[in-house]
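**Q** Below, each chain spelled out in residue letters.
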Amino acid sequence: MFQYILLEMRRTLRDAGFLIFGTGMPVMMYLIFTNIGSDDGADGWKTASMVGMAAYGALGSAMSIGTGVASDKSLGWLQQLRITPLAPSHAVVGRAVSGSVTVLPVVLTVLLAGALINGVRMAAWQWAVLVLVLWLGALPFTLLGLGNGYRLTPQGTGVVNVACLMGFGVVGGLWFPLEMLPEWLRSVGRFTPANRFADLGWATTHGHAPGATTLVVLASWLLLFGAYAVISYRRSARTV
Amino acid sequence: MSWRTAYTCLCHAALTLRNVVGMTQTRDDETAVVFTGAVKTFGRAGRRVRAVDGIDVRIGRGETVALLGRNGAGKSSTISLLLGLNEPDEGTVRVLGRSPGKAVRAGLVGAMLQEGKPIPKVTVRELVSFVASTYPRPLPVAEALVLAGVSEYADRRIDKLSGGQTQRLRFAVALAGNPELIVLDEPTAALDVEGRRAFWDSMRAYARRGNTVLFSTHYLEEADENADRIVVIDRGRIVADGSGEAIKDAAGHSQVSFDLAGRSTEGLDRLPGVVTVEVTGDRALLCTDDSDATVVELARLGLVRGLQVSRATLETAFLALTAPGRAALAKTAHTTEKETV
Numbered sequence: 001m002f003q004y005i006l007l008e009m010r011r012t013l014r015d016a017g018f019l020i021f022g023t024g025m026p027v028m029m030y031l032i033f034t035n036i037g038s039d040d041g042a043d044g045w046k047t048a049s050m051v052g053m054a055a056y057g058a059l060g061s062a063m064s065i066g067t068g069v070a071s072d073k074s075l076g077w078l079q080q081l082r083i084t085p086l087a088p089s090h091a092v093v094g095r096a097v098s099g100s101v102t103v104l105p106v107v108l109t110v111l112l113a114g115a116l117i118n119g120v121r122m123a124a125w126q127w128a129v130l131v132l133v134l135w136l137g138a139l140p141f142t143l144l145g146l147g148n149g150y151r152l153t154p155q156g157t158g159v160v161n162v163a164c165l166m167g168f169g170v171v172g173g174l175w176f177p178l179e180m181l182p183e184w185l186r187s188v189g190r191f192t193p194a195n196r197f198a199d200l201g202w203a204t205t206h207g208h209a210p211g212a213t214t215l216v217v218l219a220s221w222l223l224l225f226g227a228y229a230v231i232s233y234r235r236s237a238r239t240v
Numbered sequence: 241m242s243w244r245t246a247y248t249c250l251c252h253a254a255l256t257l258r259n260v261v262g263m264t265q266t267r268d269d270e271t272a273v274v275f276t277g278a279v280k281t282f283g284r285a286g287r288r289v290r291a292v293d294g295i296d297v298r299i300g301r302g303e304t305v306a307l308l309g310r311n312g313a314g315k316s317s318t319i320s321l322l323l324g325l326n327e328p329d330e331g332t333v334r335v336l337g338r339s340p341g342k343a344v345r346a347g348l349v350g351a352m353l354q355e356g357k358p359i360p361k362v363t364v365r366e367l368v369s370f371v372a373s374t375y376p377r378p379l380p381v382a383e384a385l386v387l388a389g390v391s392e393y394a395d396r397r398i399d400k401l402s403g404g405q406t407q408r409l410r411f412a413v414a415l416a417g418n419p420e421l422i423v424l425d426e427p428t429a430a431l432d433v434e435g436r437r438a439f440w441d442s443m444r445a446y447a448r449r450g451n452t453v454l455f456s457t458h459y460l461e462e463a464d465e466n467a468d469r470i471v472v473i474d475r476g477r478i479v480a481d482g483s484g485e486a487i488k489d490a491a492g493h494s495q496v497s498f499d500l501a502g503r504s505t506e507g508l509d510r511l512p513g514v515v516t517v518e519v520t521g522d523r524a525l526l527c528t529d530d531s532d533a534t535v536v537e538l539a540r541l542g543l544v545r546g547l548q549v550s551r552a553t554l555e556t557a558f559l560a561l562t563a564p565g566r567a568a569l570a571k572t573a574h575t576t577e578k579e580t581v
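The listed protein sequences derive, respectively, from chains F and S.
Number 50 in my numbering belongs to position 50 of the first sequence; there are no gaps in the numbering.
So the number in my numbering is just where the residue sits in the second sequence, counting from 1, plus 240.
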């Protein structure tokens, strides 16, 4: 499996255009969202939005793995992989791990923009933990992207990914605070994986551990998306 | 001469050949692949296609077998069952004494699929090394590269390879794990004449190491030149199975035709050498394995009006076997079988 992770990482890192675009978008959105309008009490918003946008970028990178997987499938590479001794679960986990490497640059870039341009200040341990939770917490979305990729065509995956991303971004409160949404949507929002994922970060910036609900909700989504990815992988190997 | 006659001749021969194969059955541990009544249907209710329609075949260890058939005959579907990519609806498939899925997981199988373009952005060596690393006892990477003939461009990116080079890389991927059984689905489809020759040289070198090779093709010559045994498949069924020589001999039957001029067909099937008899209108078509004796006897009987003797080639026999209108011919074959057996 380690060899598989290496192979996939090589492929991703050699795709410079993808890395630059995937990283650039959330940074730009962060800077725009936090620098238009009035500056009143902007400190809290600059921090919250930094976490939201880093989460949003992490989510986007994590899910974009699906597009790559879908094109692998159309090449026939997934079938070829299926007839090597590599176990289906290892193939999925290996792809997920290699995919999460692309998440790190986005998280780092948004946080750097927060610290250097928007002047966000926190304790060193908070920065370190923030990077870690935003990186590792993106795993459920990697699995969701994988599931889409194993199941759909490259175009289909692109469309579904963008839809998920927008939905998660808005309903999950990554773009704007959840308080700006109508009441009923707000309560739904709190159970989305995106909102709970970002909550890992918000809890960190407030200097405390995330609540038990957050962890339970995220773990449930992780299991659900993981099962979705494995089942989709099994199906994808069939020829018809 | 007609294709129908050629077909019935070969069909008869195939039956005989299958008996021969049955008689020489060996012990289980010398068996690489067994299909028992395997059926695979695709599509939704009402439009179901039996892509694999009751296949029984046994392949011994160390054999090189060609799966020969037209496009759409069921070759790839058969291979997908063999590799565990699909499950049969009926019947069983066993590979080296276990289910196809287990054989694949145990690293006993390597394959080159028809639609397996290798992934871009990595080099030939990187890809082959990775595939080898998933197998328990792989070939040394350098050896795999040499065997497949890709060592010259081992450090080139896969997206920069030509069609022929890509095809050989895919072969390298199939053999990298040093699998006991290697399965190649139309391996030479994208190759020119030179490329084909080089490819088959590599394939034979791999087979000589004692490995079992199964490849599919729709080129008769390729099957004949590179396999110990040819299994002809059409409409999901095996229609002939034997060595290239045996099928050639069988198809070497001659056709003798003449006008009956109102005479009875009684006793024609008992003439010397005659294998099958078919009558269309006023013309009789005899399939014979000794055309000289048949003609002499016909002359003695005075049945020589419009007499024609023609020799069936393997090509025409194969075409007849797999001709699109064959469903209608099946009936003929069946009745002929009854008459002659």
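None of these hints come from the bench; they were simulated from the model.
We put the CB at the ideal spot given by N, CA and C, even for glycine.
There may be inaccurate statements among the hints.
Pair by pair, the computed Cβ-Cβ distance ranges are [claimed, not checked]:
#1 S:Gly341 <-> F:Met166: 50 to 58 Å
#2 S:Ala382 <-> F:Ser74: 48 to 56 Å
#3 S:Ser402 <-> F:Leu108: 36 to 44 Å
#4 F:Gly156 <-> S:Glu434: 34 to 42 Å
#5 S:Glu392 <-> F:Arg235: 33 to 41 Å
#6 S:Gly286 <-> F:Ala163: 27 to 35 Å
#7 F:Arg235 <-> S:Ala382: 34 to 42 Å
#8 F:Leu19 <-> S:Asp395: 50 to 58 Å
#9 F:Gly156 <-> S:Asp296: 37 to 45 Å
#10 S:Gly403 <-> F:Val159: 27 to 35 Å
**Q** Take the hints in turn and mark each one as holding or not.
**A** Structure-based check of all given hints:
1. S:Gly341 <-> F:Met166: 50 to 58 Å: violated (39 Å)
2. S:Ala382 <-> F:Ser74: 48 to 56 Å: 32 Å Cβ-Cβ, so the 48 to 56 Å window is violated.
3. S:Ser402 <-> F:Leu108: 36 to 44 Å: holds (40 Å)
4. F:Gly156 <-> S:Glu434: 34 to 42 Å: Taking Cβ atoms as reference, Gly156 of chain F and Glu434 of chain S lie about 40 Å apart, which means the hint holds.
5. S:Glu392 <-> F:Arg235: 33 to 41 Å: Taking Cβ atoms as reference, Glu392 of chain S and Arg235 of chain F lie about 39 Å apart, which means the hint holds.
6. S:Gly286 <-> F:Ala163: 27 to 35 Å: holds (34 Å)
7. F:Arg235 <-> S:Ala382: 34 to 42 Å: Hint holds: Cβ distance 37 Å, inside 34 to 42 Å.
8. F:Leu19 <-> S:Asp395: 50 to 58 Å: Cβ of Leu19 of chain F to Cβ of Asp395 of chain S: about 24 Å, so the range 50 to 58 Å is violated.
9. F:Gly156 <-> S:Asp296: 37 to 45 Å: holds (40 Å)
10. S:Gly403 <-> F:Val159: 27 to 35 Å: Holds, at about 32 Å.
Of the numbered hints given earlier, the model fails hints 1, 2 and 8; all others are met.
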